[in-house]
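Model the full structure from these sequences, guided by the hints.
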Amino acid sequence: MCTDCGCAPPQPEHDHKHDHASRKIRVEENLLAKNQRLAMANRASFAAHQLFVLNLVSSPGSGKTSILERTLTDLKGKISFTVLEGDQQTDNDAERIAATGAPVKQVNTGAGCHLDAHMVGHGVEGLDLAAADILMIENVGNLVCPASFDLGEDHKVAVLSVTEGEDKPLKYPQMFQAADLMLINKIDLLPYLRFDIEGCKAFARQVNPQIKIIELSCHSGDGMTEWYDWLKAGVAGKRRLVSSL
Amino acid sequence: MHELSLTQNLIEIAEEHARRENATVITSVTMEIGALSGVMPEAVEFAFEACTKNTLAEGASLEIRHIPALGRCQKCGQECEMESLLDGCSACGSYALDILKGQEMALIELEID
Numbered sequence: 001m002c003t004d005c006g007c008a009p010p011q012p013e014h015d016h017k018h019d020h021a022s023r024k025i026r027v028e029e030n031l032l033a034k035n036q037r038l039a040m041a042n043r044a045s046f047a048a049h050q051l052f053v054l055n056l057v058s059s060p061g062s063g064k065t066s067i068l069e070r071t072l073t074d075l076k077g078k079i080s081f082t083v084l085e086g087d088q089q090t091d092n093d094a095e096r097i098a099a100t101g102a103p104v105k106q107v108n109t110g111a112g113c114h115l116d117a118h119m120v121g122h123g124v125e126g127l128d129l130a131a132a133d134i135l136m137i138e139n140v141g142n143l144v145c146p147a148s149f150d151l152g153e154d155h156k157v158a159v160l161s162v163t164e165g166e167d168k169p170l171k172y173p174q175m176f177q178a179a180d181l182m183l184i185n186k187i188d189l190l191p192y193l194r195f196d197i198e199g200c201k202a203f204a205r206q207v208n209p210q211i212k213i214i215e216l217s218c219h220s221g222d223g224m225t226e227w228y229d230w231l232k233a234g235v236a237g238k239r240r241l242v243s244s245l
Numbered sequence: 001m002h003e004l005s006l007t008q009n010l011i012e013i014a015e016e017h018a019r020r021e022n023a024t025v026i027t028s029v030t031m032e033i034g035a036l037s038g039v040m041p042e043a044v045e046f047a048f049e050a051c052t053k054n055t056l057a058e059g060a061s062l063e064i065r066h067i068p069a070l071g072r073c074q075k076c077g078q079e080c081e082m083e084s085l086l087d088g089c090s091a092c093g094s095y096a097l098d099i100l101k102g103q104e105m106a107l108i109e110l111e112i113d
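Residue numbers (our numbering), protein chains in the order written: chain A, 1 to 245; chain B, 1 to 113.
Among the hints, a few may not be true.
Calculated cross-link-like contacts (lysine to any residue; reagent style SDA-like; alpha-carbon spacing at most 25 Å) [unchecked claim]:
1) A:K34 - B:E16
2) B:K53 - A:K238
3) B:K101 - A:I79
4) A:K34 - B:Q8
5) A:K212 - B:I99
6) A:K34 - B:T24
7) A:K24 - B:H66
8) B:K101 - A:Q206
9) B:K53 - A:Q206
10) A:K238 - A:A47
None of these hints come from the bench; they were simulated from the model.
Here you go:
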C-alpha cells in the first residue's frame with residue numbers, strides 16, 4: 001500500500017444485497033482529479049528540493065534523448081541533473097543517459113501511451129532529488145496523450161525536429177498549447193530539407209502565442225547555448241524563489 | 001489512446017461514489033466532454049464497454065454531453081465560440097484567446113441501484 005497515492009490491491013466485493021431503490025447521484029468530478037492531486041503532491045516534493053522540473057514531450061525520433069545526452073555532458077560540473085526516462089519498453093534510453101554519468105531511472109509504461117503523475121511519483125523513488133538542480137522527465141514519444149497529464153513539472157518542453165512536418169503544431173495543437181518552450185531540433189539538416197522554419201514558428205504561435213522557441217542542433221551544437229541559458233535561468237529562479245521565502 | 005486510461009479513471013470514480021452509497025450496481029453514467037479537452041468521445045464509448053467488465057458499471061449506459069468551447073480575446077475582449085485550438089478571435093483575428101469553456105472531462109451523474 002502506497003501511503004501517498006493510496007494505490008492498493010482491489011478490495012473484494014461485498015456479497016450482501018442492499019434493498020435500495022434506483023436513484024441518481026451527482027458527482028461532478030474531473031476525470032483527471034486523481035492525477036491532478038498526485039501531480040500537486042509531486043510538485044510539493046520537487047519544490048521542497050528546489051528542483052527545476054521539465055517534462056520533455058515529442059513524437060518518437062525527434063531527438064529528446066540525444067538533446068539530453070549532449071546537455072548532460074556539456075553542463076557536467078555546472079548543473080546537476082537527475083533523469084527519469086519513460087518508454088513503453090526497454091531501458092535503452094536509460095543506458096544512454098547513464099553513460100553520461102547522470103543518475104537515471106527508467107519507467108516502462110507497458111501498453112501505456114504516456115506517463116502519469118502516479119508513475120512519476122514512484123519513478124523518482126530512489127533518485128537523490130536533494131542532490132540535483134534539474135529533474136528531466138523524458139515522456140513517451142507521443143504528441144497526443146502526454147499533453148493531458150500533469151506530472152508536477154514546471155514546464156512541458158516540446159521538441160520538434162526539422163525532419164518532421166512544419167505543421168505539427170497545427171496537427172497536434174493540444175501539445176503545443178500545453179508546452180511553454182518549443183525546441184526545434186536538427187537545424188544542421190535544414191540545407192537538405194524543405195522545412196519552412198518561419199512557418200513552423202508561426203503555426204506554434206497560432207496555437208500558443210506565449211510559447212518560447214529555441215532553434216538548435218544537438219549534433220552540431222548550434223543554438224545549444226540559448227537552451228543552456230534558459231535552463232540556468234530556470235535553476236536560478238528556483239533558488240531565488242526559495243531564498244525569498 | 002489516453003481515452004483508455006481516462007475511461008478507467010471514470011469507472012474508478014464512479015465505483016467509489018456508488019460504494020459510498022452502498023449501491024450494488026451502476027445503471028447509467030453521465031459525463032461531459034469539452035470540444036477542446038483532447039478527448040475523443042467515440043474512443044471513450046469504445047473503451048467504456050471493455051473497461052466496465054467485472055465492475056459495478058457492467059452493462060451501464062453511457063451518456064456523453066458535448067460542451068462547446070468558448071474563448072475570450074486577450075486583445076479586444078470579444079467572447080467567441082471555438083471549434084479548435086487553432087481558432088482566432090472572431091472580431092480581431094488575434095490568436096491570444098483565454099479558454100473559458102470547453103476543456104471539461106468530468107463524471108457528472110450516476111444512476112445507481
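Hint-by-hint comparison with the structure:
no.	hint	in the structure
1	A:K34 - B:E16	holds, 12 Å
2	B:K53 - A:K238	violated, 47 Å
3	B:K101 - A:I79	violated, 41 Å
4	A:K34 - B:Q8	holds, 12 Å
5	A:K212 - B:I99	holds, 20 Å
6	A:K34 - B:T24	holds, 23 Å
7	A:K24 - B:H66	holds, 20 Å
8	B:K101 - A:Q206	holds, 19 Å
9	B:K53 - A:Q206	violated, 42 Å
10	A:K238 - A:A47	holds, 8 Å
Hints 2, 3, 9, counting from the list given before, are not met by this structure.
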